[in-house]
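Chemist: Below, each chain spelled out in residue letters.
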Amino acid sequence: MKYFLSLMILAGLWGCGSKKIDVILATTTSTQDSGLLDVLVPAFEQQTEYRIKTIAVGTGQALETGARGEADVVLVHAPDLEMQYVAKGAFSNRRPVMHNDFLLVGPAEDPALIKGMTQAVGAFEKMASSQALFVSRGDRSGTHVLEKKLWKMAQIDPTGPWYLEVGQGMGETLMVGSEKRAYVLTDRATYLAFQDKIHLIPLIEGDVLLRNNYHVMEVNFENFPRVNRHGARAFSDFIVSPQAQAIIAAFGKDKFGSPLFYPDAENEQLKK
Amino acid sequence: MDLIWQGIYKAFYLLITGDPEVLHITQLSLCVSGSATLIALLLGIPAGVVLALSQFPGRNILISVINTGMGLPPVVVGLLVTVMLWRNSLLGFFELLYTPVAMVLAQVIIAFPIVAGLTIAALQALNPNLKLQLVGLGASRFQMALCLIREARLTLLAAVMAGFGGVISEVGAVLMVGGNIKGQTRVLTTATVLETRMGNFDVAIALSVLLLLLTFIVNFVLTRIQQREHVAWPLLK
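If you're matching them up, the sequences are chains A and B in order. Numbered per the working numbering, the first sequence spans residues 1 to 272. Numbered per the working numbering, the second sequence spans residues 273 to 509.
Worth flagging that the hints you see were computed from the coordinates, not collected in a lab. It cannot be assumed that every hint is accurate.
[Claimed, not checked] Pairs of lysine to aspartate or glutamate residues, derived as EDC-like cross-links and limited to a Cα-Cα distance of at most 16 Å, are as follows: (1) Lys282(B) / Asp474(B); (2) Lys197(A) / Glu467(B); (3) Lys197(A) / Asp274(B); (4) Lys20(A) / Glu367(B); (5) Lys454(B) / Glu45(A); (6) Lys454(B) / Glu467(B); (7) Lys197(A) / Asp474(B); (8) Lys282(B) / Glu293(B); (9) Lys149(A) / Asp80(A); (10) Lys454(B) / Glu293(B); (11) Lys454(B) / Asp22(A); (12) Lys115(A) / Glu205(A); (13) Lys454(B) / Asp291(B); (14) Lys454(B) / Asp38(A); (15) Lys115(A) / Glu125(A); (16) Lys148(A) / Asp80(A); (17) Lys115(A) / Asp207(A); (18) Lys180(A) / Glu165(A); (19) Lys152(A) / Glu125(A); (20) Lys255(A) / Asp38(A); (21) Lys126(A) / Glu109(A).
[Stated by the list, open to error] A few chain B residues that don't get close to chain A, going by computed Cβ distances all over 12 Å: (22) Gly279; (23) Ile288; (24) Pro292; (25) Gln396; (26) Val493; (27) Gln499; (28) Glu501.
Even glycine gets a Cβ: it sits at the ideal position worked out from N, Cα and C.
Please model the complete structure; the sequences and the hints are all you need to start from.
Modeler: Below, the structure written as structure tokens:
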């Protein structure tokens with residue numbers, strides 16, 4: 001038992017070299033997988049006493065983790081779902097951070113003949129009626145929430161052998177879609193990162209329904225005394241600050257030729 | 273196929289150039305899984321000895337539980353430990369979630385049944401007359417246990433390897449309780465998952481190569497010890 005304790009303590013010391021105060025950020029995989037957080041988090045940590053612990057999961061899990069008081073601040077992209085949690089009082093101070101857009105990608109031969117269409121809902125109807133293979137995230141992520149909304153708007157209950165739910169991240173879902181020559185709804189950032197590894201091309205883009213909005217929200221500290229409210233506020237203030245917004249606007253330009261995310265917080269300030 | 277060669281090339285490139293992030297990830301993997309194995313040994317060998325040598329009601333049930341635990345799914349352990357360590361939960365007071373300590377804890381739970389189960393098997397495989405002889409020579413229970421462990425040490429080294437192999441390779445538990453935080457709780461397996469998710473397949477393969485290399489080196493050292501101890505069958509005269 002003595003060994004056990006001393007080893008645990010040693011292991012603990014080993015892991016906690018820094019004396020900074022932890023802030024738990026629950027966010028979606030797309031912000032981590034795109035590499036954006038690798039730029040934003042160090043910039044934040046440099047100028048504050050806080051250390052960010054990023055837990056990158058699907059938006060559904062991020063919101064649920066926050067609602068249980070197991071995170072301090074969330075950065076997510078499922079507006080309808082976010083509003084439900086805000087209405088329940090789980091989060092406060094919801095602010096827009098950035099956006100990019102979703103794309104409907106598919107094989108070049110386009111079996112459902114949706115290329116050239118402008119309305120996402122119409123394309124979803126056509127995919128269902130032609131029974132063309134579709135690969136869904138199926139994980140209650142922001143992308144999956146939007147996909148379900150589009151099926152609902154098209155008045156289709158997607159079931160059957162043509163509808164595959166993989167329950168994995170965006171990158172894996174694109175890989176499965178590429179292997180199966182299927183349609184996939186994807187965010188642009190992940191698609192750009194994977195485009196040279198997969199055989200899927202953008203077919204529908206630009207529909208206003210396909211806009212992908214990211215919001216930052218602070219966990220309601222009144223329900224949970226352990227929540228780090230000051231750290232949460234510091235991070236959410238940072239991410240909408242001109243400095244962070246400039247980082248977001250520039251991110252990805254060198255690698256992909258165009259930015260992966262477009263800052264939204266400044267626009268809001270301009271409106272005021 | 274090209275990708276695999278690229279990955280192997282990249283692995284050696286990262287090793288030779290001493291990429292600080294990769295070194296840290298490798299070091300953390302070794303530290304977390306090494307301490308988890310060590311703790312599992314300190315707990316598992318005594319537990320295995322007691323279960324193998326004593327008789328008490330419920331012993332068979334306990335051994336069955338341990339044998340079942342040898343195949344404990346890491347994700348199940350990860351989920352249970354996460355829920356226990358949530359800051360609004362039972363052990364939340366310690367604020368251990370998303371730290372290396374939590375990862376060690378989860379891996380101890382995975383490795384303990386492997387070590388205990390193999391210890392039981394090792395001791396029961398010994399010649400039962402040895403136990404009788406030790407009793408006859410007037411050995412105390414503790415002396416007897418020590419002597420039997422010495423006799424079974426070659427098989428017990430296999431338990432060390434199985435325990436270490438089980439935890440260094442698992443991803444389900446460390447991903448959940450550690451959170452795969454860059455510079456804090458990212459280990460070789462979780463980094464591989466992340467790089468795959470990001471589409472950096474060459475880096476993912478490079479990390480896999482490093483993981484295999486690390487496991488091989490550790491097992492090679494342990495095997496050397498084991499085989500040095502191993503006395504070949506004396507030639508029949």
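Chemist: Each of the hints needs a verdict: does it hold here or not?
Modeler: We went through each hint and held it up to the structure:
Note on Lys282(B) and Asp474(B): the hinted pairing holds, with a Cα-Cα distance of about 7 Å set against a maximum of 16 Å. Proximity of Lys197(A) to Glu467(B) is assessed by CA-CA distance (about 14 Å); at most 16 Å being required, the pair is judged to hold. At roughly 13 Å between alpha-carbon atoms, Lys197(A) and Asp274(B) fall within 16 Å of each other, so this suggested pair holds. A hinted pair counts as satisfied when its Cα atoms are at most 16 Å apart, and Lys20(A) with Glu367(B) qualifies at roughly 14 Å.
Using a Cα cut-off of 16 Å, the hinted pair Lys454(B) and Glu45(A) holds, with the two alpha carbons roughly 13 Å apart. Using a Cα cut-off of 16 Å, the hinted pair Lys454(B) and Glu467(B) holds, with the two alpha carbons roughly 12 Å apart. A distance of roughly 12 Å separates the Cα atoms of Lys197(A) and Asp474(B); the hinted pair therefore holds under the 16 Å criterion. Distance hint between Lys282(B) and Glu293(B) is fulfilled; the C-alpha atoms sit about 14 Å from each other, no more than 16 Å.
Under the criterion of a C-alpha separation no larger than 16 Å, the hint pairing Lys149(A) with Asp80(A) is consistent with the structure, at around 10 Å. Under the criterion of a C-alpha separation no larger than 16 Å, the hint pairing Lys454(B) with Glu293(B) is consistent with the structure, at around 9 Å. For the hint pairing Lys454(B) with Asp22(A), the CA-to-CA distance comes to about 14 Å; that is within 16 Å, so the pair holds. The straight-line distance between the Cα atoms of Lys115(A) and Glu205(A) is roughly 10 Å, inside the 16 Å bound, and the hint therefore holds.
Proposed proximity of Lys454(B) and Asp291(B) is supported: the alpha carbons are some 14 Å apart, at most 16 Å. For the hint linking Lys454(B) to Asp38(A), the alpha-carbon distance of about 8 Å falls within 16 Å, and the restraint holds. Of the pairs offered as hints, the one joining Lys115(A) and Glu125(A) holds, with about 13 Å between alpha carbons and a cut-off of 16 Å not exceeded. Distance hint between Lys148(A) and Asp80(A) is fulfilled; the C-alpha atoms sit about 12 Å from each other, no more than 16 Å.
A threshold of 16 Å between alpha carbons decides the hint, and for Lys115(A) with Asp207(A) the separation of about 13 Å falls inside it, so the pair holds. Between Lys180(A) and Glu165(A) the alpha-carbon distance is near 13 Å, which keeps this suggested pair within the 16 Å criterion. For the given pair, Lys152(A) sits about 10 Å from Glu125(A) by alpha-carbon distance, which is consistent with the 16 Å threshold. Between Lys255(A) and Asp38(A) the CA atoms are separated by roughly 15 Å; this keeps the pair inside 16 Å, and the hint holds.
Distance restraint check for Lys126(A) and Glu109(A): the Cα-Cα separation of roughly 15 Å lies within the 16 Å cut-off, and the hinted pair is therefore satisfied. The claim that Gly279(B) lies off the interface holds: its Cβ sits roughly 14 Å from the closest Cβ of chain A, which is beyond the 12 Å cut-off. With 12 Å as the threshold on Cβ separation, the claim that Ile288(B) sits away from chain A holds: the shortest Cβ distance comes to roughly 24 Å. With a least beta-carbon separation of about 14 Å from chain A, Pro292(B) lies farther than 12 Å from that chain, consistent with its non-interface assignment.
Non-interface call for Gln396(B) relative to chain A: holds, since the shortest CB-CB distance, roughly 26 Å, exceeds 12 Å. Look at Val493(B): its CB is around 20 Å from the nearest CB on chain A, clear of 12 Å, so calling it non-interface holds up. The claim that Gln499(B) is not at the interface with chain A holds, since no C-beta of that chain comes within 12 Å of its own (minimum 28 Å). With a minimum CB-CB distance of about 24 Å to chain A, Glu501(B) clears the 12 Å threshold, and the non-interface call stands.
No hint from the list above goes unmet by this structure.
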